[in-house]
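Residue numbers (this note's numbering), protein chains in the order written: chain A, 37 to 378; chain B, 37 to 378; chain C, 37 to 378; chain D, 37 to 378.
Just so you know, the hints here were simulated from the structure itself, not pulled from any lab data. Even glycine gets a Cβ: it sits at the ideal position worked out from N, Cα and C. One should not assume that every hint holds.
Quick list of in silico lysine-lysine cross-link-like pairs, DSSO-like style, CA-CA up to 27 Å [claimed, not checked]: (1) B:199 with C:80; (2) D:348 with D:363; (3) A:199 with D:260; (4) C:199 with B:260; (5) C:80 with D:38; (6) A:199 with C:200; (7) A:373 with A:327; (8) A:260 with D:318; (9) C:200 with B:260; (10) D:200 with B:348; (11) D:260 with D:318; (12) C:199 with A:200; (13) D:260 with A:200; (14) D:200 with A:260; (15) B:88 with B:260; (16) B:200 with C:260; (17) D:348 with B:200.
Residues on chain D that point at chain C, a partial pick, calculated with CB under 8 Å [said to hold, decoys possible]: (18) 38; (19) 57; (20) 62; (21) 154; (22) 195; (23) 198; (24) 217; (25) 219; (26) 220; (27) 253; (28) 264; (29) 265; (30) 268.
4 protein chains.
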Amino acid sequence: MKRGFGSDNHAGIHPHILQSLSSANQGHVPSYGTDAWTLLAEEKFREHFGEKAQPFFVFNGTAANVSALKAAMNSYQAVFCADVSHLQNDECGAPEFFTGGKLISVPSTHGKITPEGLEDLWIRRGDQHASQAQVLSLTQPTELGTVYSVQEIKNLVDWAHGKKLFVHIDGARLANAAVHLDLPLKAFTTDLNVDLVSLGGTKNGLMMGEVVLFLNPSLSQNFKYIRKQMAQLPSKSRFIACQFLAYFENDLWKKMALHSCAMAQELYRSCQGIPGVEITQKPESNAVFAKIPRTWLKALREDYFFYVWNEKTMECRWMTSWDTESKDVQGFVKKLKELAAL
Amino acid sequence: MKRGFGSDNHAGIHPHILQSLSSANQGHVPSYGTDAWTLLAEEKFREHFGEKAQPFFVFNGTAANVSALKAAMNSYQAVFCADVSHLQNDECGAPEFFTGGKLISVPSTHGKITPEGLEDLWIRRGDQHASQAQVLSLTQPTELGTVYSVQEIKNLVDWAHGKKLFVHIDGARLANAAVHLDLPLKAFTTDLNVDLVSLGGTKNGLMMGEVVLFLNPSLSQNFKYIRKQMAQLPSKSRFIACQFLAYFENDLWKKMALHSCAMAQELYRSCQGIPGVEITQKPESNAVFAKIPRTWLKALREDYFFYVWNEKTMECRWMTSWDTESKDVQGFVKKLKELAAL
Amino acid sequence: MKRGFGSDNHAGIHPHILQSLSSANQGHVPSYGTDAWTLLAEEKFREHFGEKAQPFFVFNGTAANVSALKAAMNSYQAVFCADVSHLQNDECGAPEFFTGGKLISVPSTHGKITPEGLEDLWIRRGDQHASQAQVLSLTQPTELGTVYSVQEIKNLVDWAHGKKLFVHIDGARLANAAVHLDLPLKAFTTDLNVDLVSLGGTKNGLMMGEVVLFLNPSLSQNFKYIRKQMAQLPSKSRFIACQFLAYFENDLWKKMALHSCAMAQELYRSCQGIPGVEITQKPESNAVFAKIPRTWLKALREDYFFYVWNEKTMECRWMTSWDTESKDVQGFVKKLKELAAL
Amino acid sequence: MKRGFGSDNHAGIHPHILQSLSSANQGHVPSYGTDAWTLLAEEKFREHFGEKAQPFFVFNGTAANVSALKAAMNSYQAVFCADVSHLQNDECGAPEFFTGGKLISVPSTHGKITPEGLEDLWIRRGDQHASQAQVLSLTQPTELGTVYSVQEIKNLVDWAHGKKLFVHIDGARLANAAVHLDLPLKAFTTDLNVDLVSLGGTKNGLMMGEVVLFLNPSLSQNFKYIRKQMAQLPSKSRFIACQFLAYFENDLWKKMALHSCAMAQELYRSCQGIPGVEITQKPESNAVFAKIPRTWLKALREDYFFYVWNEKTMECRWMTSWDTESKDVQGFVKKLKELAAL
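Make a model of the complete structure from these sequences and hints.
Structure representation (structure tokens):
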């Protein structure tokens with residue numbers, strides 16, 4: 037299939053990561069997370085997120101999110117998350133199923149929630165009839181491709197910790213936030229006292245592999261059992277770990293994220309001034325959101341697949357990835373211009 | 037690590053399967069199970085299990101087992117399974133967690149359960165205080181490396197269907213049963229009206245990949261939602277599918293299974309007559325179970341890792357895999373003989 | 037405690053119902069729902085809701101609601117319910133916990149939802165990433181004391197059945213809706229093809245007792261197991277059943293409901309023209325909702341307890357019950373007038 | 037119905053307890069556990085179980101058991117309980133459903149388990165593939181009517197606490213154990229450092245009412261939310277509390293228990309020497325277990341209902357209750373003798 041702008045999980049595996057799978061495929065090694073590759077990869081996470089960070093590998097992003105929540109809450113508790121969050125809309129009820137608890141939708145603007153929005157929902161504390169919020173879950177970058185600033189996260193963490201809530205970051209694309217902020221990964225997670233992070237690799241060049249990363253060690257004590265009971269303990273764990281080893285080697289993670297984001301920037305800039313194309317969100321990671329005339333849709337998707345984000349407003353999501361090339365962007369823009377000229 | 041006899045998941049990826057990952061790593065493809073590799077792999081399962089077979093890929097064996105059960109039962113129902121089954125002992129409670137229901141332990145001999153054993157537990161039908169059995173789950177090959185004959189499965193299916201129960205096979209190593217029985221996969225599943233199968237690839241040469249295989253189409257209708265909610269929907273699904281494509285190509289699955297089982301046979305035969313080694317189970321797949329003197333353990337495991345199956349009786353499990361070589365077996369046997377000679 | 041306007045569950049047991057407990061307290065009877073009182077009470081429900089109605093007694097309203105939902109859906113499915121519904125706000129997450137599924141908040145006006153509001157949320161059908169709606173739950177009377185008309189319910193049922201959804205009515209105060217509509221109970225339930233109803237007795241004169249009432253028999257087949265597993269099977273079931281026998285005898289249910297509603301009407305009428313009192317909802321059952329000046333609260337609640345419904349707007353809920361007397365209403369109104377005159 | 041020996045929940049309400057319902061039926065009181073009756077009843081539990089005891093009222097025995105377990109464990113953990121326990125056999129899977137965890141059957145003799153039996157199952161500690169035991173649940177009196185001695189409980193608690201497990205007592209008939217042991221309730225619970233108790237009233241003269249009693253305060257902190265989410269928070273809570281007030285007044289609980297147990301003793305003694313009647317368990321509470329010839333069953337149950345405990349061995353359970361009269365016992369014994377004489 038031609039490269040399109042459908043999703044960063046339409047892209048394949050970065051060659052270096054595929055090579056690492058091959059390198060790890062030597063002889064017998066213990067299974068279930070006790071192999072040398074896993075230990076080395078865990079060390080890499082501590083380098084990037086600090087000495088106290090405790091990573092656990094799982095298979096996919098849904099699992100990383102919901103197992104993290106399960107580690108931090110009980111069934112009679114609740115999670116604050118953005119109304120547009122993946123947790124709320126795209127997990128087929130996995131958060132409710134695994135935790136037994138409730139999600140509380142927090143109104144968002146350009147994907148972001150604020151302490152003020154949370155404060156409005158800070159009600160009925162101690163009331164036995166109401167699920168008690170226990171976790172604040174932020175998505176970084178947001179579902180709409182925007183990125184919380186360090187100060188914004190700090191304010192949210194302060195608010196949450198002031199209420200004795202844990203802070204979770206859904207970081208399926210955390211690398212992209214790092215390159216947008218031009219900061220090390222820990223600068224907007226560990227250093228801000230975030231408690232736990234779901235960090236994704238699949239959307240940034242891995243074959244498959246996600247991490248539940250405990251920054252607050254008090255939460256991880258029994259997580260190995262949670263992971264196993266949730267059917268997320270890989271047997272041949274070396275083959276997830278070795279992908280992350282390559283991911284961190286020579287800053288491959290950063291190079292891929294920089295490239296994805298640069299492609300989104302190029303697309304964004306190239307759309308400026310095309311009549312009919314209305315950019316709707318600040319492109320701060322690897323996606324451009326834009327409204328287009330409904331009549332363009334069919335022709336445009338013939339060559340480059342992408343998703344309509346909102347059927348009613350015709351807001352579309354154009355997502356770049358580590359393997360997007362400038363010629364893909366320019367081909368797409370050319371098509372847009374042709375349609376605009378009709 | 038030197039090859040040992042710890043588990044077939046200590047082995048790596050067969051080179052043809054690794055090659056298939058590389059071949060599938062071309063361009064963009066749709067995610068979440070709608071790509072061409074997935075469609076082709078699904079077709080392979082229909083070739084092997086009949087036209088009505090419906091396969092769904094998941095990440096690991098725990099997931100394959102428990103999602104299959106969840107598709108076939110409600111929380112107030114129960115599953116008959118062997119007292120030595122993986123479901124009962126090795127899933128950290130995943131069956132109970134995902135289904136909300138109960139496991140009923142059925143006494144087993146050499147890993148096998150019988151209609152007579154089940155009949156003893158067929159009580160309190162219709163009694164609202166008792167979980168109502170809904171599924172019979174068989175493990176083929178069993179946890180102890182024995183294999184149910186066609187007639188044994190037929191009898192169990194007849195018993196279960198006579199009671200309106202569904203029959204599930206935990207086939208984490210189903211390929212090994214096929215080569216032991218010298219039958220096509222469908223001959224002891226589809227052809228015997230088994231309702232659903234968890235079929236494993238990871239323990240027979242895959243990097244990772246398992247299948248929930250519906251042979252009774254009435255059960256699969258909403259399974260896509262169950263899989264997603266259980267956090268088992270792979271995003272880059274082509275990379276699981278392509279492994280199974282290679283698995284079925286030129287009967288690779290069968291060649292690997294034949295080899296694993298042959299290695300177990302060689303080990304079994306070579307142990308005959310070694311004083312102190314007492315074979316405890318018929319070696320019908322890729323494992324040899326044997327009691328050895330407790331004093332041998334340390335020395336023996338220095339060179340070849342394996343698990344003690346029963347700490348009290350010193351019954352050990354020696355497991356072969358697709359990459360076990362005759363020299364591994366002979367090296368191990370040599371060591372056994374040395375210890376016996378002391 | 038003096039009678040107040042806090043809740044209809046602050047009131048006690050109607051003397052006839054208490055008498056029935058005494059009458060049923062004779063000798064030994066079978067437990068767990070097989071006694072004669074239970075059979076007789078079940079017959080009463082069929083008289084009121086039609087021959088196909090199947091009632092199951094449970095302990096409280098939360099249980100009636102969530103066990104009804106559990107009978108009608110799977111964990112990967114969802115329930116449409118009003119944003120102000122008890123299900124959504126007042127069950128401490130019980131719906132999510134028991135069903136494993138998701139609640140979808142439907143915007144409401146004066147407590148009511150509409151087909152148009154539902155249509156806006158009818159999206160992503162068949163999308164495996166989204167919980168699939170399976171039940172529409174209506175509250176009758178609504179949380180705000182308004183009552184759906186027959187036509188409104190009909191329209192909602194038609195919409196839901198057109199989408200193959202089941203319709204559930206949370207009828208914790210269903211009797212009050214019947215007297216407001218001046219219709220038999222079945223006229224706005226069974227006759228409109230509602231599928232299942234949670235019908236409450238506790239808030240209308242019972243000591244405790246609620247019913248899950250299946251009007252669509254296809255849903256009730258295994259409900260006895262669901263009830264038991266949910267810890268809602270009463271052992272001495274006669275003592276819940278006998279309360280409902282008295283409830284239906286000589287239309288006691290209706291007399292109590294008529295009285296409760298008449299008291300709310302008297303309160304409503306008496307509030308007309310009191311400066312500072314702003315009625316916010318049509319009083320169609322046994323509650324009056326009104327905004328009052330914040331400064332009145334302390335003095336007003338000294339004599340008559342009630343709840344502030346919305347701390348921000350100072351909308352209060354004044355709830356009458358079967359034992360409210362005209363002098364209570366007039367005493368409260370006198371107090372309101374005194375405060376207004378200050 | 038004539039009094040029989042079916043179950044102590046076939047009996048009705050003790051007149052003093054019924055009278056208490058009537059007395060509590062005065063005016064309006066707050067709901068959901070904040071009324072004066074509830075506070076007074078809670079105080080009574082502290083008198084009997086010590087100052088730190090924290091009681092929470094729930095509706096039935098299943099609920100008391102499973103909510104207690106839920107308070108003490110996580111879903112990846114397990115409960116040790118006797119193979120004959122109610123938890124294991126008579127809750128339709130409620131323990132698994134509510135806790136998400138696993139029950140581990142401990143072999144029992146005459147209903148009792150021992151530290152030795154537990155020690156055999158103390159395996160795979162720290163192994164992520166195995167549910168980790170967290171609670172030891174004892175039934176006192178046991179399902180077979182025997183009573184653990186103080187020393188037996190002490191030994192079991194010591195074993196469990198030595199392993200850092202919590203100890204739960206299923207005390208659906210705890211009063212009967214107290215009178216058999218001739219000890220205050222706290223002497224074999226609080227004083228032995230039992231962590232939590234499910235204490236039943238329904239089987240000893242209440243209409244309905246059970247208590248989850250926390251003796252270890254560290255476990256009760258969030259139990260109010262658990263109770264609510266489990267649909268076990270009574271709205272008109274005064275009517276459960278007032279039953280327990282009468283229960284404790286003038287030692288009514290003890291008088292009823294003494295009477296029940298005395299009736300069982302009378303039955304036991306009267307059966308001595310009747311040919312064909314073989315007593316199978318020491319009658320230490322309010323039940324006699326005996327094998328009888330299968331041919332007697334029909335005739336015997338015509339007059340006095342009872343349950344066959346084991347269809348295969350024809351072991352029957354004859355249960356007495358607070359309202360059993362000597363003439364019932366003698367009538368039954370007469371019948372036994374007549375059958376023996378045929």
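Structure versus earlier hints, numbers of those that do not hold, lowest first: 1, 2, 6, 8, 11, 12, 21, 22, 23, 24, 25, 26 and 27
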